[in-house]
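Asker: One-letter residues, chain by chain:
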Amino acid sequence: MNSELEKLAQRYSADLTRLCVSLCGNCADAEDLFQETWLKAARHFHRYRADKPFDKWLFTICVNTYKNTLKAAYHRKRRCFRTAEEQDAFFAAIPDAQGEHREEYLALHEAIAVLPKKQRLVIVLCYFKDYSIKDAAQILHIPEGTVKSRMAAAKATLKRRLQND
Amino acid sequence: MIETTDERLDSLLRHYCGRTAQASFTVREARRKPFKKIALAAAALVLTAAIAWGAWAAVRQRPAPPAEEPYAISAEKLAALCGKGESTAQKIAGKNVGAWTPSIAYADSEKVVFDVASGIFVFNYRDGRLVRTFDTDKLGVPGFQQGDAFSSLLVSEDGNRGLLTSQTADEATGALRQEYRELDLENGSVKKLENSQAFYDRYTVFQTYPVTPEERSELPGWIFGSFAAVAEGSDYLMALDFEQGAGTLASLRLIIMDAETGEIQASVSVFDKVYG
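Going down the list, the sequences are from chains A and B.
Going by my numbering, the first residue of the first sequence is number 194, and it counts up by one from there.
Going by my numbering, the first residue of the second sequence is number 5, and it counts up by one from there.
Incorrect hints may appear among the rest.
As the list claims (entries may be wrong) - With a cut-off of at most 27 Å between alpha-carbon atoms, the simulated DSS-like pairs for lysine-lysine come out as follows:
hint: 1; chain 1: A; residue 1: K245; chain 2: B; residue 2: K195
hint: 2; chain 1: A; residue 1: K233; chain 2: A; residue 2: K200
hint: 3; chain 1: A; residue 1: K245; chain 2: A; residue 2: K348
hint: 4; chain 1: A; residue 1: K260; chain 2: B; residue 2: K115
hint: 5; chain 1: A; residue 1: K322; chain 2: A; residue 2: K352
hint: 6; chain 1: A; residue 1: K348; chain 2: A; residue 2: K260
hint: 7; chain 1: B; residue 1: K142; chain 2: B; residue 2: K195
hint: 8; chain 1: B; residue 1: K115; chain 2: A; residue 2: K348
hint: 9; chain 1: A; residue 1: K310; chain 2: A; residue 2: K322
hint: 10; chain 1: B; residue 1: K195; chain 2: A; residue 2: K348
hint: 11; chain 1: B; residue 1: K142; chain 2: A; residue 2: K310
hint: 12; chain 1: A; residue 1: K327; chain 2: A; residue 2: K310
Since the hints were derived computationally from the structure, they do not count as laboratory data.
Nothing here was measured: the structure is a model prediction, and the numbers come from that model.
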């Protein structure tokens with residue numbers, strides 16, 4: 194990895210980690226996605242245009258990798274925690290998810306797991322870094338109207354599932 | 005039951021997705037090492053195979069096949085070649101493509117299977133003929149057109165069978181229902197599978213998208229990368245190109261190009277009018 198990319202890796206690894214974990218729903222798959230994203234970023238770094246935001250370029254690679262490598266049925270299975278320790282580690286990184294709120298986040302995690310992948314991508318992208326609809330549309334290569342409709346559908350589903358939980 | 009207001013859902017999502025980075029991963033250079041071993045082993049195998057092939061070819065008095073080269077198509081080359089050999093194919097008039105992401109589920113040297121909001125289509129790009137259509141009514145999946153229910157479309161390696169996975173939420177209870185439908189891409193029939201376990205038992209041979217991310221990333225920005233596919237066993241690369249207007253898609257074009265030289269063999273308009 195060249196020194197410029199190393200500096201960028203130091204700066205954006207935390208953000209990328211958050212995105213990967215939120216998309217995959219477990220740390221093992223998230224780390225694979227994280228590594229795969231950086232490998233591709235390093236391989237294609239010559240194509241990155243410095244006048245564009247690096248984070249969006251990186252997150253686009255991450256989103257495309259996520260879309261292309263994980264099949265829906267397989268992914269839904271993998272979002273389940275295999276051990277209690279794995280579950281504890283996952284929620285430990287969410288300060289608000291401790292004590293009485295734990296159940297709420299567990300229900301949210303399960304609700305996100307069964308969202309259609311297209312809706313999950315929109316929700317995660319817009320919330321993990323406060324991206325605007327326009328930013329999310331650019332990263333996902335879809336019209337802004339589509340982001341809005343998927344966001345509304347995703348929120349309605351999440352709300353319904355949380356209330357029925 | 006959890007009382008969830010819009011504000012609370014916002015807060016939950018913000019905390020969930022904006023988790024602290026205390027478990028931040030680090031970039032592992034060491035990850036490449038196993039690949040290096042695998043690559044060396046593969047190279048040794050290829051070398052052995054090449055020697056064996058060379059000996060066989062000498063016996064048969066046939067020249068050895070050219071070394072396989074990775075696909076390398078630059079955005080500039082594509083942009084320069086764009087528009088060559090354009091022809092008009094049979095239109096799918098009046099179909100509502102919608103605005104959600106279409107994708108190619110299968111491609112071979114003759115046909116491509118892709119899904120859009122209006123359904124699933126089998127398109128023969130050699131003669132520009134729409135071979136088969138599975139529109140939303142025929143599929144019988146509630147919410148398919150809105151993109152709410154569709155999960156994935158898999159196509160068997162021979163390109164003759166498709167498997168549509170969908171999930172729908174019960175309005176009253178919120179319970180999710182997973183459904184599987186087997187599509188016969190040859191005769192156009194749709195069969196709903198009643199036993200979901202049968203899906204896992206029967207469809208282990210289904211392939212993923214045949215295009216690699218590297219090939220996809222070679223495509224320029226005006227082609228939505230995830231719609232590209234390389235036909236297995238052929239030298240053609242296909243991409244569905246969408247030109248979009250104000251929130252709607254204006255056209256959809258199938259581009260077939262020589263993956264090695266980047267030369268466009270045909271550029272076929274599949275849709276020329278799309279409703280938002």
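Asker: Against each hint, give a clear statement of whether it holds in the structure.
Answerer: Outcome of the hint check:
1. Proposed proximity of K245/A and K195/B is contradicted: the alpha carbons are some 48 Å apart, above 27 Å.
2. Of the supplied pair hints, the one linking K233/A and K200/A holds, its CA atoms being roughly 16 Å apart against a limit of 27 Å.
3. For a cut-off of 27 Å, the pair hint linking K245/A to K348/A is broken: about 31 Å separates their Cα positions.
4. Taking the CA atoms of K260/A and K115/B, the gap is near 23 Å; set against the 27 Å cutoff, the hint holds.
5. Among the hinted pairs, K322/A with K352/A is consistent with the structure: their alpha-carbon atoms are about 21 Å apart, no more than 27 Å.
6. Distance hint between K348/A and K260/A is fulfilled; the C-alpha atoms sit about 21 Å from each other, no more than 27 Å.
7. For the hint pairing K142/B with K195/B, the CA-to-CA distance comes to about 10 Å; that is within 27 Å, so the pair holds.
8. Distance restraint check for K115/B and K348/A: the Cα-Cα separation of roughly 38 Å exceeds the 27 Å cut-off, and the hinted pair is therefore not satisfied.
9. A distance of roughly 19 Å separates the Cα atoms of K310/A and K322/A; the hinted pair therefore holds under the 27 Å criterion.
10. At roughly 32 Å between alpha-carbon atoms, K195/B and K348/A are farther apart than 27 Å, so this suggested pair is violated.
11. Restraint check: the Cα-Cα separation between K142/B and K310/A comes to about 23 Å, which is no more than 27 Å; the hinted pair holds.
12. Between K327/A and K310/A the CA atoms are separated by roughly 19 Å; this keeps the pair inside 27 Å, and the hint holds.
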